[in-house]
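Visitor: Could you build the full structure based on these sequences and the hints that come with them?
Protein sequences, first through last, are from chains A and B.
Going by our numbering, the residue at position 57 of the first sequence is 57; the numbering climbs one at a time, nothing skipped.
Going by our numbering, the residue at position 421 of the second sequence is 1421; the numbering climbs one at a time, nothing skipped.
As a list, the in silico DSS-like pairs of lysine-lysine whose alpha-carbon atoms are at most 30 Å apart:
{"no.": "1", "chain 1": "A", "residue 1": "Lys45", "chain 2": "A", "residue 2": "Lys71"}
{"no.": "2", "chain 1": "A", "residue 1": "Lys71", "chain 2": "A", "residue 2": "Lys55"}
{"no.": "3", "chain 1": "A", "residue 1": "Lys6", "chain 2": "A", "residue 2": "Lys90"}
{"no.": "4", "chain 1": "B", "residue 1": "Lys1309", "chain 2": "B", "residue 2": "Lys1354"}
{"no.": "5", "chain 1": "B", "residue 1": "Lys1134", "chain 2": "A", "residue 2": "Lys45"}
{"no.": "6", "chain 1": "A", "residue 1": "Lys90", "chain 2": "B", "residue 2": "Lys1135"}
{"no.": "7", "chain 1": "A", "residue 1": "Lys41", "chain 2": "A", "residue 2": "Lys55"}
{"no.": "8", "chain 1": "A", "residue 1": "Lys90", "chain 2": "A", "residue 2": "Lys55"}
{"no.": "9", "chain 1": "A", "residue 1": "Lys45", "chain 2": "A", "residue 2": "Lys90"}
{"no.": "10", "chain 1": "A", "residue 1": "Lys90", "chain 2": "A", "residue 2": "Lys71"}
{"no.": "11", "chain 1": "A", "residue 1": "Lys55", "chain 2": "A", "residue 2": "Lys6"}
{"no.": "12", "chain 1": "A", "residue 1": "Lys41", "chain 2": "A", "residue 2": "Lys6"}
{"no.": "13", "chain 1": "A", "residue 1": "Lys41", "chain 2": "B", "residue 2": "Lys1134"}
{"no.": "14", "chain 1": "A", "residue 1": "Lys71", "chain 2": "A", "residue 2": "Lys6"}
{"no.": "15", "chain 1": "A", "residue 1": "Lys6", "chain 2": "A", "residue 2": "Lys45"}
{"no.": "16", "chain 1": "B", "residue 1": "Lys1134", "chain 2": "A", "residue 2": "Lys90"}
{"no.": "17", "chain 1": "B", "residue 1": "Lys1135", "chain 2": "A", "residue 2": "Lys55"}
{"no.": "18", "chain 1": "A", "residue 1": "Lys45", "chain 2": "B", "residue 2": "Lys1135"}
{"no.": "19", "chain 1": "B", "residue 1": "Lys1135", "chain 2": "A", "residue 2": "Lys6"}
{"no.": "20", "chain 1": "A", "residue 1": "Lys45", "chain 2": "A", "residue 2": "Lys55"}
{"no.": "21", "chain 1": "B", "residue 1": "Lys1134", "chain 2": "A", "residue 2": "Lys71"}
{"no.": "22", "chain 1": "B", "residue 1": "Lys1134", "chain 2": "A", "residue 2": "Lys6"}
{"no.": "23", "chain 1": "B", "residue 1": "Lys1135", "chain 2": "A", "residue 2": "Lys41"}
{"no.": "24", "chain 1": "A", "residue 1": "Lys71", "chain 2": "A", "residue 2": "Lys41"}
{"no.": "25", "chain 1": "B", "residue 1": "Lys1354", "chain 2": "B", "residue 2": "Lys1305"}
{"no.": "26", "chain 1": "A", "residue 1": "Lys55", "chain 2": "B", "residue 2": "Lys1134"}
{"no.": "27", "chain 1": "B", "residue 1": "Lys1135", "chain 2": "A", "residue 2": "Lys71"}
Only part of the chain B face toward chain A is listed, based on derived beta-carbon distances under 7 Å:
{"no.": "28", "residue": "Met1141"}
{"no.": "29", "residue": "Val1145"}
{"no.": "30", "residue": "Glu1250"}
Calculated from the structure, these hints are not laboratory results.
Every residue gets a Cβ at the ideal spot worked out from N, C-alpha and C, and that includes glycine.
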Amino acid sequence: MTESLKLEIERRDGVAVVYTEGYINNLGGEEIARVADTLIKDGHKVLLLNLRGTKIVNSIGISILIEIIEKMIEIEGRLAFCNLTPTIEKTFQIMGLAQYAGIFADEPAALAELAN
Amino acid sequence: MDAGTQEPTWASLLAGADADGIGLTSGLLERWCCSAGLQGAALYVEVEGLFEREHSCGEGNFPRSLSSEAAAELSPLRLPGGLLMSARQAVSQEASSGGMALDPKPQPSAALDGPLEVLLAMVVRNALLERRLKKSRFAAMHRNVEQQALYDVGLAITSTLDLEETSEAILAWALSLLDARRSALYLLDGDSVDRCYRLTHALGGDARPEFTCVDDAVPEDVLPGAAHLLAVRIEIESVPRGFLVVADKESRYGVGPFGEADRATLELFANQAAIALENARLHRQALQEERMQREMELAAETQNKLLPKGVPTVEGFELAGWNRPAREVGGDYYDLLPRDDGRLVVTLGDVTGKGMPAALMVSNLHSALRLSLDHHEVGPELFAGLNRHIHESSPANKFITLLVAQLDPPTGHVRYVNAGHNPAVVLGADGSVRELPSGGPPIGLLPGVSYQGDEFNLEVDDLFCIYSDGITECAARDGEEYELERLVALLQEHRTAPLPEIIAVIDQATSEFADGQPQGDDQTVVLLRRVG
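Guide: Given below as structure tokens:
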């Protein structure tokens, strides 16, 4: 059977941190989008995706992440990523996500920048 | 929308139009809601058979996407390339679109006046154009990702010889670039007679641990539960070495089959995998050869240390010893050990096998014999002890043929025990030849064995020769062996020559007998002659 993406959510310093574990594909991307929608409805405007448990993101996953970034821009919020593998970071750079979302080496660096 | 919300005027809509068109779209939907008394509204555009929400306003949990069937059930207002959904009030019933509250019966189309309808149709058209533009830009950027992937995999191959690491890199990129749900790498089991491919690595889900390939096709259930498979062969010099398999190509709307472009991309990765495999194999082979060479050198060094460095001086006797292993390390062993009381112990042993295991047994024998000689005379009791020690400390199929002789120089008296070794010979000055037969099995072969020893006297000018079967079993091209008779004849012919010369003659004779063939077994000769 296919493995599914696991997500954990924590709130830190006014930032909603979403931890991913697994492959961010269509199913995984939709799950992240669903969680992001819920967090936005709860009033969160700063989201940090910590991809510490993710080694692979396919193009469907990337397109969903782009949609999440667009939504955050619409509500004048902010999305950032941290703990990316070198491969994923390179892919995000090429695909342009880095232009609209912050990319940080680790969570402390991200929170230092994003927290109120 | 709230009862107090004012219907946006055309002028306000124009004024509120922003560069992205969001303000205009929002204003148009609000105008419709106000004029038709709706709680909320959403504009959908049609993309690849599904309707995706472009914008919404007011109340109502409009789903992100709707199938054509689900949309039809909700009776929306159609626009070219899209549709409008409305909501009167939020209710808690489930709709077929999945968990939202919708008014299944929107206001009659009269609520959507001509200009509003035209403008919304334009918004839909713009949204479709924008989506097409985004898609083409995405595809162009993704081609850069593909190139980066091939570059990265190439780097991974050259930077590591770890097949596991390289396999994971190849599979991860295959998943990512082909938008596959699962991937797996299978390699041919080299020991398998019936072309069994074993799983090396898998990502994304379960994979069969192995399969047997028939007609070059992978089984349909190689990735259990997968609906669409793509498998390409990994070949090295046109010889199949494995398979790279991916399953279930994703789109936003589900999974489907892979196309020819995907096959071409996967074949590129399969080529990379083949290079990685070959590099890893060659590296493994080189490491193994290096390890074996080091082992051989160590074994040779160990064995060399055990052989006598020179010939001891024994009053009234000439001594000579010679050993030539068939390979770097042999299983023959000899020793010339003077005892404190002036007696000399002469040993010649032949261990089964060659290489490091034989060298270790020789070392074991050397230590055991030397220690035993501190407590025992050369005789049956010494050999019984050696046999017990070697039998208990060596592998079941290993044993040693051994002849140990103890010489009392002043008298020429010799006591010996022969455990399964070739019969030593004593050539008398009077031309007689005496063979010293075996008095028991090789040591280490059987437990609890008793040995019989014997004794004789060496007279002046007698020549005592102990040898290994590498001499007598040296084979000619037609398979005939040199045999003891030829050795005895040679010894008789050269009986009075200096001992080193006799050894040289034996060496030359056996080499000529072998007629250039490689030495098949270790060769050892020990000579004693009483001269006074």
